[in-house]
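Position chain U relative to chain W; hints supplied.
If you read the sequences in order, they're chains W and U. Counting from 1, one number per residue, gives the positions in the first sequence under the UniProt record's numbering. Counting from 1, one number per residue, gives the positions in the second sequence under the UniProt record's numbering.
It cannot be assumed that every hint is accurate.
Stated by the list, open to error - In the DMTMM-like style, the derived pairs of lysine to aspartate or glutamate whose C-alpha atoms are separated by at most 25 angstroms in a straight line are: (1) Lys265/W to Glu105/U; (2) Lys183/U to Glu321/U; (3) Lys265/W to Asp56/U; (4) Lys136/W to Asp261/U; (5) Lys265/U to Asp279/W; (6) Lys265/W to Glu224/U; (7) Lys136/W to Glu188/W; (8) Lys136/U to Glu321/U; (9) Lys265/W to Asp58/U; (10) Lys234/W to Asp56/U; (11) Lys234/U to Asp56/W; (12) Lys265/U to Glu305/W; (13) Lys234/W to Glu204/W; (14) Lys265/U to Glu204/W; (15) Lys265/U to Glu105/W.
Derived from the structure by calculation, the hints contain no laboratory data.
Protein chains: 2
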Amino acid sequence: MAGPMREIQLIGRPDGVPTADLFESVQSPTLEPRPGTVLVENVLLSVDPYMRQLMDADEWWPLNTPGEGRALGRVLQSETPAYAVGDIVFHRQGWRTHAVVTPDESRRIDEAPGVPLSAHLGILGGTGLSAYVGLKRILNLQPGETLLVSAAAGGVGTAAARIAKLLGAGRVIGTTGSDEKAKHLVAEVGFDAAINYRRGDLVEQLAAAAPDGVDAYLDNVGGEHLAAAIDVLKQNGRIAWCGAVSTYNHQADVAPRNLFDIVDKELRLEGFLVRNHLDLRPELIDFLTPHLRSGAVTSDETVVEGFEHLVDAFLAMLRGENVGKMLVRL
Amino acid sequence: MAGPMREIQLIGRPDGVPTADLFESVQSPTLEPRPGTVLVENVLLSVDPYMRQLMDADEWWPLNTPGEGRALGRVLQSETPAYAVGDIVFHRQGWRTHAVVTPDESRRIDEAPGVPLSAHLGILGGTGLSAYVGLKRILNLQPGETLLVSAAAGGVGTAAARIAKLLGAGRVIGTTGSDEKAKHLVAEVGFDAAINYRRGDLVEQLAAAAPDGVDAYLDNVGGEHLAAAIDVLKQNGRIAWCGAVSTYNHQADVAPRNLFDIVDKELRLEGFLVRNHLDLRPELIDFLTPHLRSGAVTSDETVVEGFEHLVDAFLAMLRGENVGKMLVRL
Chain W
1 MAGPMREIQL IGRPDGVPTA DLFESVQSPT LEPRPGTVLV ENVLLSVDPY
51 MRQLMDADEW WPLNTPGEGR ALGRVLQSET PAYAVGDIVF HRQGWRTHAV
101 VTPDESRRID EAPGVPLSAH LGILGGTGLS AYVGLKRILN LQPGETLLVS
151 AAAGGVGTAA ARIAKLLGAG RVIGTTGSDE KAKHLVAEVG FDAAINYRRG
201 DLVEQLAAAA PDGVDAYLDN VGGEHLAAAI DVLKQNGRIA WCGAVSTYNH
251 QADVAPRNLF DIVDKELRLE GFLVRNHLDL RPELIDFLTP HLRSGAVTSD
301 ETVVEGFEHL VDAFLAMLRG ENVGKMLVRL
Chain U
1 MAGPMREIQL IGRPDGVPTA DLFESVQSPT LEPRPGTVLV ENVLLSVDPY
51 MRQLMDADEW WPLNTPGEGR ALGRVLQSET PAYAVGDIVF HRQGWRTHAV
101 VTPDESRRID EAPGVPLSAH LGILGGTGLS AYVGLKRILN LQPGETLLVS
151 AAAGGVGTAA ARIAKLLGAG RVIGTTGSDE KAKHLVAEVG FDAAINYRRG
201 DLVEQLAAAA PDGVDAYLDN VGGEHLAAAI DVLKQNGRIA WCGAVSTYNH
251 QADVAPRNLF DIVDKELRLE GFLVRNHLDL RPELIDFLTP HLRSGAVTSD
301 ETVVEGFEHL VDAFLAMLRG ENVGKMLVRL
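Isolated chain W (complex conformation):
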């Protein structure tokens, strides 16, 4: 028998930075699995930057409903031969304690010894896959090359550094918003240098950290970070662009001042959406699992405990307070 069921609904649209009063935690109708589905109790929920974009429009996140979101749930009741009670399944009905899901809209997580469950929402999940697609398929990162990563302390940023080192990257440089996070990125995550962009001129700091220039840039931020990267990229440098966190709260001014240098420096700027590269997931899992088991790689994460802190976790993630993937454990 499932316990009380709750969900967090969006009840207003943000004007700029979202606030807690735009959300409401409510009791949900009691869910029962239909034939061909399972009832799951969520055990881990992911909060991600892209959710800020979803908040802007009714077609993405209708008011008075819980959002979509990556989640791991344990099967409580199964009405399909695809899953047994106790299985852990990945699905996309976040922002709630329970969900009814079909096999088509979910997949079973094969629990491997030595691999924490949370890694499946972190370096093995969409977050790690974003990093892997960017580095392998878009940037075609080569051994010895210098890589720059923005939003380096986030889920994608930390995963990118760990994966880049496994791929043989030379120098890996990150940008983040505090000295404390910059120190952590070098000491714990494996960055060769990390820059606090609030500390001074970004271009000068990048030029000092990468005196020979940057070969490849994985961009989560856009705006001034993209402009600064264009300044320090080498001729024929590549940019993989998978987000523009800097613009989610204010849409203006997304275009860098020096865009035309893309011609003069013969740069390649390529956008990608991880959802169109899911074919690489088995390769990512095969690639990383031995390194996770041996301890050579960690799925960096900040875990907040308790469903009632989901909104706090989401807002803290938007403020950049997490290091690694931001998760909520129920």
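The following block gives chain U in isolation, referenced to the frame of chain W:
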């Protein structure tokens, strides 16, 4: 014996659109070939959009000197076994009637029957090579695809349409600045549709001309054209960017309003400089020569007669008054 020698010097820097008073036609010192060089009399000179950029800075075009520029010259005196008197050589000492060149900084033009000499400054020269590199190497244009070309009536634009059709492009759409040029592009050059961007909303006109969207965009213009192209490109569309004519006269506002759609539409924006792709020139010449001989392809050109009209030709080209490559015949 060579006739009187003249050159056109830059005597001031433009503030915005260049004017004729920034140039001066002067008699040059009498040139004599040194050992290892030849004296050539120029027969055809090229004027190109990139020269507008060169005018801005002393390191590119020093005041009181003639500019660099693509040129064809006939050998008058040879002090090297590499060239004989009467040979036609390509070199980069434009803006003058005569030049002394070394074999290293020039190459002999093999005159082929049925191929006009001017084609070597047009579709077989740097202009055609810009189009070919953009279509083949950067865009990897596939048979049946829809191609958009900006500055379509210019040298690169007309060459791009002719080459794209030979490569099997489906629909080829161009943008230009007058109804007359738009008509000419469809009637004579082989565009399937041509848009006068002054006639109305560019995005609406493009959407009407390419109802199924655009696969690939060869951009010479930047600015609002780049933004409009981003609007009509299909998911995973590609942009080859080789110039930003719209910004040469006023540096501000080069960045399109909708740049972030590069992520959502998973576009690839890649800059290139033709000078770093000269390895493709033999392939281009082999590819086009039979089509030029058979008459299947023309090197579109506007030819101005007389060295003393070089500045007029350059300024008219910047105003977009040419159709095809703008050349000056001496």
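> Which earlier hints turn out false for this structure, listed by number in ascending order?
Replying inline: 8, 12, 14
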